[in-house]
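Based on the sequences and whatever the hints tell you, model everything.
Take the sequence shown: its letter number 248 is residue 248 in full-length UniProt numbering, and every next letter is one higher.
Hints listed in this document are in silico derivations from the structure and should not be mistaken for laboratory results. Careful: at least some of the hints might be erroneous.
[To be verified] Derived pair list, reagent style BS3-like, types lysine-lysine, alpha-carbon separation capped at 30 Å: (1) 238 <-> 267; (2) 297 <-> 373; (3) 313 <-> 379; (4) 408 <-> 379; (5) 86 <-> 73.
[Said to hold, decoys possible] So the derived label-pair ranges between C-beta atoms look like this: (6) 607 <-> 575: 30 to 36 Å; (7) 634 <-> 542: 39 to 45 Å; (8) 535 <-> 568: 15 to 21 Å; (9) 610 <-> 575: 21 to 27 Å; (10) 257 <-> 319: 36 to 42 Å; (11) 575 <-> 450: 18 to 24 Å.
Beta carbons are placed, not taken as given, at the ideal position from N, Cα and C, and that holds for glycine.
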Amino acid sequence: MVNGEESNEGTREAKKRRTESTETPSKPQSEELSMDSTEKNADSYQNCLDHECKEAEDRTEEQDQTSVASINKHIRTLMKQILDLKVKKPENYATDIEERRIQVMMLMLSLRRLSRVQKVRVRDARERTSEARQGVDGVTLQLQNLLYEVAHLKKEVRRCLDFQSADQEIDLVPLEQFYIEAPENISRPTETVENPHEQRLARLQWELEQRRDQTQLFDRLTQEKEEIAETINEHERKLASLAPRINAILEATRPLQESLGLRLDAKKEQQRIVQLLPCPLYTLWVQASAYGEAFDKDIKVEVLGDIEAAKKKNSKDEDLKGENLSDSDNDQEQQEDNLSRKKRARKVQKFETTEDADYGAKQILGMHPLYVKIAISTKEGNSVVIHFYYIRTLRIVTAKCAVHLQEKTKAALTDVISGDTLLNCLFPDDFGMTSPNPANFYQLSRSQVYLGEHLGMTGRPYKWAQTLAGLSFANSDLHNLEGEDSQDSGAVGSSGVNQHNDTDTIVWQDSAEHMPNTISAIRRRLQARLALHSQLLNLESANTTSTIALPAELLKQHFPGKVCTEMKSWRPMTWSDYEASPATQLLREGRHVTSHHMFFTALFERKHVRLEALFAVSPDHPICVPAVALCLHWDGRSIMPQITHS
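Listed below in structure tokens is the structure:
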């Protein structure tokens with residue numbers, strides 16, 4: 001019912017407003033009214049602003065906060081009353097609700113007016129804050145200017161206090177020496193002793209006189225030096241003119257040299273080339289040549305290789321050495337620049353080596369252009385030719401071996417006279433598979449290079465090769481050498497140690513002591529391998545036991561008169577096949593047989609019984625006897641008797 005009445009009242013008010021809006025005045029009257037209303041609105045708006053500014057000045061924020069709280073409380077009360085009227089709906093409650101609604105709206109207008117007043121206060125506070133900040137900024141700028149001027153003045157004062165005249169850098173003679181050596185017309189003791197300034201001037205005058213005298217002395221000595229240099233040049237020209245004459249004399253005597261076997265030109269050329277050798281190879285060449293001339297005429301020593309590359313390398317090393325010396329004379333700043341350039345170069349080189357593994361291997365395994373060739377001949381005309389190389393980065397000597405026989409022999413299934421394995425285990429535990437220099441482990445690990453994969457290119461770094469070259473490492477001592485005590489071989493006299501430019505320790509006395517034993521061991525190894533080769537050929541070519549060629553004395557002493565067992569086959573075998581046989585287990589577990597041995601298998605039969613013999617021949621045969629493992633096959637059973645050594 002109430003809602004219907006309210007809607008009817010709203011409809012009547014809307015019609016009334018439409019009626020009022022349709023009754024518009026004529027055009028001239030409306031323009032005048034609009035102008036008057038605009039002026040009135042502008043005046044009223046300005047009056048409102050002025051009134052609000054005055055209220056903001058007259059009242060405080062606390063008073064407005066109290067008013068806002070009171071208005072809010074009153075609005076809450078009116079809203080509760082409106083809610084109660086709408087819920088209870090007494091008589092004429094719509095009129096009461098409208099009255100209270102009007103009161104609420106008026107209170108809301110009061111809140112908005114107080115809000116505008118507060119905004120005016122905020123605007124005024126900001127303006128005052130900005131004015132105060134500008135004042136503070138101006139004072140701060142003045143303070144900074146004053147501080148800058150103070151710092152500048154302090155700097156100028158410090159510069160004045162620290163000023164040193166150019167004469168203070170001159171190293172003058174001591175004061176006592178000045179008064180003793182300087183003449184009285186310069187020293188003037190009566191005037192300068194009590195006056196430091198005059199004393200300083202007198203000392204500078206004496207320094208100038210001394211420098212003039214030294215300049216005259218320098219000019220005189222320079223002139224004498226030039227005269228002596230001219231005399232030396234004259235003598236050099238005379239000596240140079242003798243060289244063609246000497247060469248002509250040598251050329252004329254060449255037929256006589258050839259007939260007498262003097263080979264003076266070859267020796268002269270060798271003497272010129274050996275000066276380019278690195279220190280280890282030079283030590284090896286000197287000791288081998290001296291031993292050959294003194295005791296063994298069947299040893300031939302030569303130096304071969306790329307001579308031009310060796311000259312370039314030596315000149316490059318000298319340039320680097322000169323740069324290092326000049327760097328030590330420069331000041332600290334130049335040294336830092338050089339170090340930074342070297343570090344950058346090392347970083348670039350390191351990046352390149354890590355980028356290409358093959359290039360890294362060539363860099364770290366690069367050998368000197370020259371090498372030493374030693375040919376060791378036997379009485380039968382056979383010879384062992386060994387090439388010794390020097391790896392510059394690893395600082396070790398490697399050896400490549402080749403065998404030259406007087407008579408061509410038949411090839412066996414196992415090449416026991418191959419140059420690659422002939423010198424293996426020439427001395428105990430020296431197989432040449434790893435570097436004897438302990439530092440190489442870290443160098444090779446960092447470059448990810450395995451030396452065993454490049455032995456065909458570099459040769460084998462035997463321990464005895466390092467000793468012959470005069471190189472001494474912590475773990476490279478040779479043990480159990482023929483005819484020597486191990487303690488004596490390890491002793492080094494202080495007079496026999498030389499320091500090479502590449503930080504190698506050259507022990508030439510060890511090289512001289514081990515040279516005879518090494519040459520003898522190589523000859524014995526060649527003869528033993530030739531004998532082993534002939535025995536293997538005999539066994540491989542035998543069809544039956546009776547066809548094996550054995551000396552008559554050996555047959556009578558070690559074999560019965562009638563042999564019923566027949567040898568059916570003899571063939572070489574690999575380490576993997578040898579390792580797979582159960583009969584070899586004890587030998588392998590006891591480390592009596594390793595992969596460095598040479599392996600053979602023989603099959604014997606007697607009726608229905610078969611005997612399989614597995615032979616392991618040591619690299620230093622016949623010093624170490626072969627190990628034989630036997631396996632008997634009888635009626636389908638395998639019987640392994642006790643392992644024996646032949």
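Structure-based check of each hint:
As the CA atoms of residue 238 and residue 267 are separated by approximately 26 Å, the hinted pair is consistent with the 30 Å bound. With a C-alpha separation of about 15 Å, the suggested pair residue 297 and residue 373 falls inside the 30 Å cut-off, and the hint holds. Taken as a hint, the residue 313 and residue 379 pair is broken in the structure, with Cα atoms around 40 Å apart against an allowance of 30 Å. With a C-alpha separation of about 16 Å, the suggested pair residue 408 and residue 379 falls inside the 30 Å cut-off, and the hint holds.
For the suggested pair residue 86 and residue 73, the alpha carbons sit about 20 Å apart, so the restraint of at most 30 Å is met. The hinted window of 30 to 36 Å between residue 607 and residue 575 holds, with their beta carbons roughly 33 Å apart. A C-beta distance of roughly 24 Å is found between residue 634 and residue 542, which places it outside the suggested range of 39 to 45 Å. Hint check: residue 535 to residue 568, Cβ distance near 18 Å, so the stated range 15 to 21 Å holds.
Between residue 610 and residue 575 the beta carbons are some 23 Å apart, a value that agrees with the proposed interval 21 to 27 Å. For residue 257 and residue 319, the Cβ-Cβ distance of about 39 Å falls inside the hinted range of 36 to 42 Å, so the restraint holds. With their beta carbons about 20 Å apart, residue 575 and residue 450 fall inside the hinted range of 18 to 24 Å.
Against the hints set out earlier in the document, violations occur for numbers 3 and 7.
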